[in-house]
Amino acid sequence: MRIYSGMALTSAAMLTGLNMIAADVCANTSDRFELSGFARLVGGYLDSHQQTVEGYENSFALDQQSLLALQPTWHLSDQLALTAQLLAHSSDSRRSGVEWLYLSWQPEPAWQFRAGKLRTPFFSFSDSLDVGYSYPWITPPVQLYNSLLFPTFKGANASYTWSGPDLAVQLEGLYGYYKGDVVMAGSRIDAQTEVSNMTGFNLNLSRNNLRLRLSWNSGDNHTEIARLQPLQDALQQTGMDDSYNSLQADGKIQVYGAGLSYEDVSSFYRAEWVKIDTEMDLAPQLTSWYASAGQLFGRWSGHLTFARSSYSSATPADELAAFRDDPASPLYPLAAGYYQAYANIPRGGLDSYTLGLRWDFRLNMALKAELTELREHNPHSGFFSPAVAMDDSSSNVKQRATLYQIGWEWVF
Amino acid sequence: MKKSWHLTALVLLTLASGLSRAEPALLVIGHPLDQKPLQLNQEQIRNLFMGIPVARGLKPAGLTADNELHFLFNNEVIGLAEARIQSYWAQMKFTGRKSPPAEFSSEQQLLDYIRQTPGAIGYVSADIPLPQPVQILLKID
Chain A
1 MRIYSGMALT SAAMLTGLNM IAADVCANTS DRFELSGFAR LVGGYLDSHQ
51 QTVEGYENSF ALDQQSLLAL QPTWHLSDQL ALTAQLLAHS SDSRRSGVEW
101 LYLSWQPEPA WQFRAGKLRT PFFSFSDSLD VGYSYPWITP PVQLYNSLLF
151 PTFKGANASY TWSGPDLAVQ LEGLYGYYKG DVVMAGSRID AQTEVSNMTG
201 FNLNLSRNNL RLRLSWNSGD NHTEIARLQP LQDALQQTGM DDSYNSLQAD
251 GKIQVYGAGL SYEDVSSFYR AEWVKIDTEM DLAPQLTSWY ASAGQLFGRW
301 SGHLTFARSS YSSATPADEL AAFRDDPASP LYPLAAGYYQ AYANIPRGGL
351 DSYTLGLRWD FRLNMALKAE LTELREHNPH SGFFSPAVAM DDSSSNVKQR
401 ATLYQIGWEW VF
Chain B
1 MKKSWHLTAL VLLTLASGLS RAEPALLVIG HPLDQKPLQL NQEQIRNLFM
51 GIPVARGLKP AGLTADNELH FLFNNEVIGL AEARIQSYWA QMKFTGRKSP
101 PAEFSSEQQL LDYIRQTPGA IGYVSADIPL PQPVQILLKI D
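Sequences listed follow chains A and B, in order. Going by the numbering used here, the first sequence opens with residue 1, and the numbers climb by one from there. Going by the numbering used here, the second sequence opens with residue 1, and the numbers climb by one from there.
Here chain A stands alone, though its shape is the one from the complex:
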């Protein structure tokens, strides 16, 4: 078992120091400047020798989801504030740096406008995904939360809230663009994407402790996948236009979401559903959902969560079909490469069963433990990555593994 003791010690020392700094800073926070932040230390172990999930493998690791963030806010006036969020992830595959930087203007309590670099609010917890303290899980259902196509955007959003004697309604709209990496099925793929005309609406209805959330987000996507470029060039040069076009990652992406939650002093229930539709042949439709129920016992809480994702099949063009089984043909290598590219696109589905415990042992701090059984209901869900070299037939096998996690969450 590999234990990152050095990192743990460093983290502990760093966090102790930060605790003292935070206490000092908070004590000296003026009305105009506020410094807050959050941190999480997460360890995980996957009981599989052949696969990895979310970077976890069959050795204990603390460096996949641990992070530290500072959020300075300058209150320029009673209505205007500038906020930044600086994030340091322990994992190289996750983005560190300035995750939020925005100006917010609240001319009156019902209206709020923000402009700058913002998180995309696809689902209930998408924009607070790094703040582990804000949700019951250590890792929110990967089928939704790790399929985030573009986690941040540059642009503006506006929200309006109306509340009556029995009902509160919040409507939020956003417009902007995204340029950066792209995530498919939880993996950051080697691609640069630009999404223009990002438009989104979220509607929240709440009555007592019941809440309904409906969302729609859309954008015009242009993605360049470096690995596919030589294949695309070869297809174009040989006049295989349909095949070439089927590898173009350009088109509209639409994300439809719905969520329902209820909570009271002793229990909480939450369900979310999402459908991601694209105009691109090589990006299949994804439908995911989860349902979660939890119980509170004083400072302790426990939950059970079931989640499922299902990809539709990506259909390749048939121009090269005749050559894929004919090794003597000069077009055989091109056909093999083309169909291999399609074979790598996720087409299966993943079920997960999670049992989680949380102990709010002091104000603003919580310890969590989580066990997740991951089972593909159709092979090649895209969430498992081979840890060792495997033959092509492995993508037709339903994978399964258990992920064990422990976590410490802190907000200050």
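These are computed hints drawn from the structure, not numbers from a lab. Please read these numbers as outputs of a predicted model, since none were measured by experiment. Don't take every hint at face value.
[Said to hold, decoys possible] Covered stretches of chain B, as calculated for chain A (at least 3 residues, CB under 8 Å):
{"#": "1", "stretch": "38 to 45"}
{"#": "2", "stretch": "52 to 60"}
{"#": "3", "stretch": "77 to 83"}
{"#": "4", "stretch": "95 to 108"}
Glycine residues also receive a C-beta, built at the ideal position from the N, C-alpha and C atoms.
On the provided structure of chain A, position chain B as indicated by the hints.
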């Protein structure tokens, strides 16, 4: 003899029922806005303390988490456990959506703030004398 036993039992039961009729443990109070009495139901008070705007000029204020009334208010009026409310505010704060109500470390400080601030809304224990023009919005047993 039997009659007087019944009478005694009746008197004791009446006394007991009088004693068990609990006085309110907590009062949600407010300072009238524009010299008009405030009219808010429990759902509106809950919304206000969860950062949902209810009406212009209303300013929710509470007690710090080390105060017993803070927990009573969260349980009875907000209807959520303390840990869930802290999680909610962590999400709101780090997504820049809402700010939590102002907090005071003692009931007297909170009451002074409400007395001096038109539109301020907070909560105190039922046995604390209320100064003018503070009004009662909700009684929690």
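So, going through the hints one by one against the coordinates:
no.	hint	in the structure
1	38 to 45	holds (count 3)
2	52 to 60	holds (count 4)
3	77 to 83	holds (count 5)
4	95 to 108	holds (count 3)
Checked against the numbered hints given earlier, this structure breaks none of them.
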